[in-house]
Amino acid sequence: MDHLNLTRLPLVALDHLMYGLSLSGVAMMAAAGVLEAGRKRFDLFGMVFIALAAALGGGSLRDLLLDRPVFWVADQTYLLAALIAALLTFFLARIFALPARLFLIPDAAGLALFTISGTKAALMWGAPWLVASFMGVITGVVGGILRDVLCNEEPLVFQGPLYATAAWAGALVCLGLMAWQINPEHAALAGGVLIFALRVAAMRWDIALPRFNGRL
Amino acid sequence: MDHLNLTRLPLVALDHLMYGLSLSGVAMMAAAGVLEAGRKRFDLFGMVFIALAAALGGGSLRDLLLDRPVFWVADQTYLLAALIAALLTFFLARIFALPARLFLIPDAAGLALFTISGTKAALMWGAPWLVASFMGVITGVVGGILRDVLCNEEPLVFQGPLYATAAWAGALVCLGLMAWQINPEHAALAGGVLIFALRVAAMRWDIALPRFNGRL
Amino acid sequence: MDHLNLTRLPLVALDHLMYGLSLSGVAMMAAAGVLEAGRKRFDLFGMVFIALAAALGGGSLRDLLLDRPVFWVADQTYLLAALIAALLTFFLARIFALPARLFLIPDAAGLALFTISGTKAALMWGAPWLVASFMGVITGVVGGILRDVLCNEEPLVFQGPLYATAAWAGALVCLGLMAWQINPEHAALAGGVLIFALRVAAMRWDIALPRFNGRL
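Residue numbers (our numbering), protein chains in the order written: chain A, 1 to 216; chain B, 1001 to 1216; chain C, 2001 to 2216.
A few of these clues could be false.
Here are the simulated lysine to any residue pairs, SDA-like style, with alpha carbons at most 25 angstroms apart [stated by the list, open to error]:
| # | chain 1 | residue 1 | chain 2 | residue 2 |
| --- | --- | --- | --- | --- |
| 1 | C | 2040 | C | 2101 |
| 2 | B | 1040 | C | 2156 |
| 3 | A | 40 | B | 1154 |
| 4 | A | 40 | B | 1169 |
| 5 | C | 2040 | A | 208 |
| 6 | C | 2040 | A | 156 |
| 7 | C | 2040 | A | 39 |
| 8 | C | 2040 | A | 159 |
| 9 | B | 1040 | B | 1097 |
| 10 | B | 1040 | C | 2180 |
| 11 | C | 2040 | A | 205 |
| 12 | B | 1040 | C | 2106 |
| 13 | A | 40 | B | 1152 |
| 14 | B | 1040 | C | 2039 |
| 15 | A | 40 | B | 1203 |
| 16 | C | 2040 | A | 169 |
| 17 | A | 40 | B | 1125 |
| 18 | B | 1040 | C | 2206 |
| 19 | A | 40 | C | 2041 |
| 20 | A | 40 | C | 2154 |
| 21 | C | 2040 | A | 207 |
| 22 | A | 40 | C | 2040 |
| 23 | B | 1040 | B | 1154 |
| 24 | B | 1040 | C | 2084 |
| 25 | C | 2040 | A | 193 |
| 26 | A | 40 | B | 1205 |
| 27 | C | 2040 | A | 202 |
| 28 | A | 40 | B | 1039 |
| 29 | A | 40 | B | 1153 |
| 30 | A | 40 | B | 1097 |
| 31 | A | 40 | B | 1207 |
| 32 | A | 40 | B | 1159 |
| 33 | C | 2040 | A | 154 |
| 34 | B | 1040 | C | 2208 |
| 35 | C | 2040 | B | 1152 |
| 36 | B | 1040 | C | 2205 |
| 37 | B | 1040 | C | 2154 |
| 38 | C | 2040 | A | 206 |
| 39 | B | 1040 | A | 152 |
FYI, nobody ran anything at the bench for these hints, they're computed from the structure.
Next comes chain A alone, as it looks inside the complex (with noise of 0.2 angstroms):
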């Protein structure tokens, strides 16, 4: 009994945990969506759009591509943190001027929560493995593929520092920590900070992989 309350408490406050990483998640990349838009000249409203698009979209696909109920449709707290970031974004943008640089590191953050909590869902589905680690790519990294899209770029993700490399590495490792029995609470943890890290390194030393017609 008290071995059983005392593994539950921490997987609650681990879920709440989870809960609240996801939604300032999606906060952070709705702010970084507004970052993006607003070099475009769209209106206020296109730019929420866009905001939504980029923090709901790699979610949103997954959830799809799995045959799951799509996850904001249901909670719209997801929504309405995502509204309310990228309206304050927007405002604050208007009087200070923020540099979009700000954002790198907590969208850094995002795309290593979202790629592990995707790659576990599929998981959770039944999906190979192979298809559960493209999976936590397409959550990490389809939000700002979709906003470049809509800004009519070619997509930030498949250039410059590793980005969706990054992404499949921390999934691939946490798969196959799971595959060599590792806790998988654990095993997310070393993913998803593994994601972070080589983001975050691969920007301050410009790590890219190689290029089509570049030198190694």
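Add chains B and C to chain A, keeping to what the hints say.
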């Protein structure tokens, strides 16, 4: 009995009216899609495909997100209406110089109709109010966004005179009236008329939302 | 008994053949995606992602619209085939100068295969004939559209020599033959061969549909 018949008759008539209006909306959006795509050097079938995406895209995404059967897959009348409208527009436009402005009024009517029908569909599915209002906006504007993305242009619905904003305002008014116990049909009518009026007024007097770097 | 065995044997062989053809089609589309994305300055994983979208996008949209399980989510062989083909093409193209034209013939075969399989899947699901034919076209061309949208270019399938048009013609012929009580396998074969032949002939002799402002 008399009472039942009396109330049911207009409702059946209303259903027929809504179906007819939906088909007209789909046809108008398809025609507008051809005129838009025609500025590009796409071939006939390319334009037809873009017209179909413009006419059916918003409702399809709504149905996918709500996990409902996609409306045009079971009933091919919608596809047929869009196809005929697209072909007619294509051949008429080769003979007469059709100005794109010709379709702005029916397009506004389509926006009103799609948005309200999307909002109601989401509400009947059990979506919370904020989600329902955004589902309405998605139904109304995603077709136009798809059209512009396929043409490799910045989506028009995010710029210039109120478009997505008018849709969102009407959806919120419709939901607000329903919350105040107004008859749902009347609430839908009020919301739809508001969307149409806002859009037409915005085009007439060039009313737009503030932009990121613009003046208010 | 003998009769049953005799007819079942080739059918099983046909199933294996179809599966093998599907995998080859996916691999070819992925390879073509890498060659297309390679003209942009995307990194390795960006190209792999675009190749996967090109190879799996059409079938995914078909399965979502029909509310079927998405074909590559349950069976990761498709994902693996696309991944290996994309990586092979990437590294081969760094060593040899691979002309994009190299993949035009297998791409035409993939178009034929995807279109016919999409048409049949929609028909088995119970879609009406016009819907089934468009579902075939979607399966055949949406991958290429996604590839071009992600590369921020105007979709090639809407321009130049017959592409989507060839797919639609073949789907309609396949459906017409079935309506005339022809054996479904033969109808599928006839439709597929027509698509392949139309596409190859269109590329060879530069056959195209009329354009909006063009001469007939």
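Cross-check of the supplied hints:
no.: 1; hint: C/2040 x C/2101; verdict: holds, 17 angstroms
no.: 2; hint: B/1040 x C/2156; verdict: holds, 12 angstroms
no.: 3; hint: A/40 x B/1154; verdict: holds, 9 angstroms
no.: 4; hint: A/40 x B/1169; verdict: holds, 23 angstroms
no.: 5; hint: C/2040 x A/208; verdict: holds, 15 angstroms
no.: 6; hint: C/2040 x A/156; verdict: holds, 12 angstroms
no.: 7; hint: C/2040 x A/39; verdict: holds, 22 angstroms
no.: 8; hint: C/2040 x A/159; verdict: holds, 10 angstroms
no.: 9; hint: B/1040 x B/1097; verdict: holds, 16 angstroms
no.: 10; hint: B/1040 x C/2180; verdict: violated, 39 angstroms
no.: 11; hint: C/2040 x A/205; verdict: holds, 23 angstroms
no.: 12; hint: B/1040 x C/2106; verdict: violated, 28 angstroms
no.: 13; hint: A/40 x B/1152; verdict: holds, 15 angstroms
no.: 14; hint: B/1040 x C/2039; verdict: holds, 22 angstroms
no.: 15; hint: A/40 x B/1203; verdict: holds, 21 angstroms
no.: 16; hint: C/2040 x A/169; verdict: holds, 23 angstroms
no.: 17; hint: A/40 x B/1125; verdict: violated, 36 angstroms
no.: 18; hint: B/1040 x C/2206; verdict: holds, 19 angstroms
no.: 19; hint: A/40 x C/2041; verdict: holds, 22 angstroms
no.: 20; hint: A/40 x C/2154; verdict: holds, 20 angstroms
no.: 21; hint: C/2040 x A/207; verdict: holds, 19 angstroms
no.: 22; hint: A/40 x C/2040; verdict: holds, 22 angstroms
no.: 23; hint: B/1040 x B/1154; verdict: holds, 14 angstroms
no.: 24; hint: B/1040 x C/2084; verdict: violated, 36 angstroms
no.: 25; hint: C/2040 x A/193; verdict: violated, 31 angstroms
no.: 26; hint: A/40 x B/1205; verdict: holds, 23 angstroms
no.: 27; hint: C/2040 x A/202; verdict: holds, 21 angstroms
no.: 28; hint: A/40 x B/1039; verdict: holds, 22 angstroms
no.: 29; hint: A/40 x B/1153; verdict: holds, 12 angstroms
no.: 30; hint: A/40 x B/1097; verdict: violated, 32 angstroms
no.: 31; hint: A/40 x B/1207; verdict: holds, 19 angstroms
no.: 32; hint: A/40 x B/1159; verdict: holds, 10 angstroms
no.: 33; hint: C/2040 x A/154; verdict: holds, 9 angstroms
no.: 34; hint: B/1040 x C/2208; verdict: holds, 15 angstroms
no.: 35; hint: C/2040 x B/1152; verdict: holds, 16 angstroms
no.: 36; hint: B/1040 x C/2205; verdict: holds, 23 angstroms
no.: 37; hint: B/1040 x C/2154; verdict: holds, 9 angstroms
no.: 38; hint: C/2040 x A/206; verdict: holds, 19 angstroms
no.: 39; hint: B/1040 x A/152; verdict: holds, 16 angstroms
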